[in-house]
Each structure stands twice: as structure tokens, then as C-alpha cells.
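Residue numbers (our numbering), protein chains in the order written: chain H, 1 to 136; chain U, 1001 to 1136; chain Z, 2001 to 2136.
Keep in mind that the hints were calculated from the coordinates and are not lab data.
Glycine residues also receive a C-beta, built at the ideal position from the N, C-alpha and C atoms.
Hints are supplied without guarantee of correctness; some may be wrong.
Reference listing, derived: stretches of chain U covered by chain H, where coverage requires no fewer than 3 residues with Cβ under 8 Å from a Cβ of chain H [claimed, not checked]:
(1) 1032–1042
(2) 1074–1080
(3) 1112–1126
Within a straight-line C-alpha distance of at most 16 Å, the following computed EDC-like cross-link-like pairs (lysine to aspartate or glutamate) qualify [claimed, not checked]:
(4) Lys2006(Z) with Asp2030(Z)
(5) Lys1006(U) with Asp30(H)
(6) Lys6(H) with Asp2105(Z)
(7) Lys6(H) with Asp30(H)
(8) Lys1006(U) with Asp1030(U)
(9) Lys2006(Z) with Asp1105(U)
Here is how the chains run, residue by residue.
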Amino acid sequence: MAVTTKVFTLSTQGNNDVVDLTPMVGAAVDAAGVTAGTCTVFVPHTTVGVTALEFEPGANRDLGEVVERLVPQAAPYHHNVMDSNGHAHARAAIMGPSVSVPVLDGRLALGTWQSVVLVDFDDRPRERTVYVQVQG
Amino acid sequence: MAVTTKVFTLSTQGNNDVVDLTPMVGAAVDAAGVTAGTCTVFVPHTTVGVTALEFEPGANRDLGEVVERLVPQAAPYHHNVMDSNGHAHARAAIMGPSVSVPVLDGRLALGTWQSVVLVDFDDRPRERTVYVQVQG
Amino acid sequence: MAVTTKVFTLSTQGNNDVVDLTPMVGAAVDAAGVTAGTCTVFVPHTTVGVTALEFEPGANRDLGEVVERLVPQAAPYHHNVMDSNGHAHARAAIMGPSVSVPVLDGRLALGTWQSVVLVDFDDRPRERTVYVQVQG
């Protein structure tokens, strides 16, 4: 049993940009070299969520349009006394910062059309960090 | 320390069908035979979410009605150029595909009224896979 | 490799009260004494969610106002045949009961402004339990 942690950095466009993390998550699983274990994907940011999605342009756009309808950027937010991204904080808190994916036979147990993604809800392009930790 | 993974298959009705996974999650914990550890429940599907719920008919129906109000099936979705379940992808991405539950004294640390559930947001009955992985 | 589990109890005001769990999560990580591992935070309650948030009064209030707009307390809920907190069950199911945070160099890999929080959606003050499990 061992713990392997990889730290990745990437650029996003913000504004509900969906980024496919599956290649880097897979690379961390390969580096860990375990047959069976649990992979945790976590973002150390409060305006970014992590989830799973069929990563295709339509579903990606839909997710952004849905969260804009649910938590509109232009609504009033108390957080905006100090900043301009109150909507992004609420969206990220509802989605959550982590997912856990089993590793089986040395591979992520993702479905055929399933990607691990981050969604950057902030209102401008950002540099982001992603932790991928494999334990097994 | 060891990793035990169980794979379950089940049928759902789709359309926000809530399925109580607690019996199978408990069976996986029993099979693992650990006193303390972490149990990860994951679905390899992009139109299914995993969460916790008081599994009773009223709360189950409420959850379906809430997600229908928030992400209506009849709204336009870009994903529906190729399919008819764009709403289901957005709902599942917001809920997320995994939960992690501690195992203590050989048992899941669930509350008295708390179940681990999947919610199938797809627009038709489906066969589904659930991974339950116990590490400890 | 070892599993360390700490159980905390706390009081909340309900009604979307946001409680910063970071001090107790950090205490559990310190007690575990691991260099690298995964920390799972879980609530055994069906009207409470766990997530990450910039814990500042504005963002905390915003989150409560957003969930009230999305899942209004005054809407009709089937669960309310037996209780008065149907809205709280739906809100908690959407947010989810757990987050997983990597431990690196003996510390939680949280961002500078990022806290692990619980949000109590119930309609009255409650006593709550939080499990923090560190594996590594």
C-alpha cells in the first residue's frame, strides 16, 4: 500500500470553462502503478468544481448555460462587495471540489463516455492547480 | 491494509428513479472485513448521480421534482442534437458521481435515516453498474 | 499505512448555517501524523451538506440565499406530510455528504482561501456529528 500524489497546473478561460482532467488523472494512475486503489481528484480553489461529464461540446455548453440560469452572474451577491465573482463561489460550493474514482486492474473505472472534469466558474481566465492522489 | 472492490449491476426506471444502494454498499463492507477504512461508491455513468438521502417515498419524489424544476427536461440542450437526455447530463454533473463514507467498527458510519442512493436522471429505463471500494 | 478517524460534534443554527470545519479537519490530520494520505470528511445527516467554500460572511450568506432561490423552503414537498424540512433534504442531496481532501507534507492541500464547511439546511438549530478519517 502506498500513496502517490501528482500536482498539475493548467490554464482555463473561466466563465464555466470545462476542462477534461482524464489524461492527467490517468497519468497519475499510471505513475502510481497500483492494480487496485482509490483515486482522489481535488482542486484547491473556491470558484472551481470537479465532477464527471460526457466531455463533448454540447454537454459542456449545456452545463454552463444551466448554472447561469440557476445562479446568474448578474444577480446581487454579498461577496461582490469585495470582488466580482459571487456567482462563482456559490456554483463551486454546490458542485463540490472533489471526486473519488476507483482504480481496477490498474485503470480508472470510468465509463466509456465519462470524463473527470473541472468547471471553472470564475469570471476571468485563471491558472489552476489540480491534485490527483492514488492510494492502493 | 487492503483494497476490496465489488461491482454491482442493477436496473432503474430512469426519470429521476432513486435506488437505495445501502444494502450492496453494506455487503461490500462486510466482504472487506475491515474494522476501519473508507468506502467509495462510484457510478461509471454520465446521467446518474450518487449522494445520500433519507430513502422514503416523499423525499425521493421531492428530489425528482426539484431537479425537474431546476433543470427542466423540456428546455433546449445542445447535447440533444445527438440525443434526448441533455437535462440528465447536467443534473448528474451537478450532483456528482461519487460519495465516500467512513467505515468504523466494521460498519458504515451512516446516520439512522441516511441511505447511499443513486439517482438515474436518464429519460428511459437503464441497466447500471455501481462500484463499491473499501480501503482499510 | 493506517486509518485514523475522529468524531466531532457541534451545534448549528440550521437555516443554511455555514460552519467552518477546517480547524477540526486539521486537528484530525495532525492526530493522524501522516505525511501523505487522503482525508475524508462525512456527515451522517440527511439535511446537511459538506463542501468547500471561501468562509467569509458574504459568500456564506450568498450560498444560503442561492439555495433558498433554487429550492424554496415554502414550496410544497411530499416529505412534509411527516415533517417540515423537505427543502432541506433536497438541498443536502444535491450538495452531497462528503468531500475528500489530499494530505501532502502532513498538511491539508486546501487553497489559501478555501475552507471545508458544512451547511445545515434544516429548519431549526441542531446538534451535528462530523467524521474525519485520514488514511495514509
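Violations among the numbered hints, reported as their numbers in ascending order: Violated hints (numbers, rising): 3, 5; every other hint is consistent with the structure.
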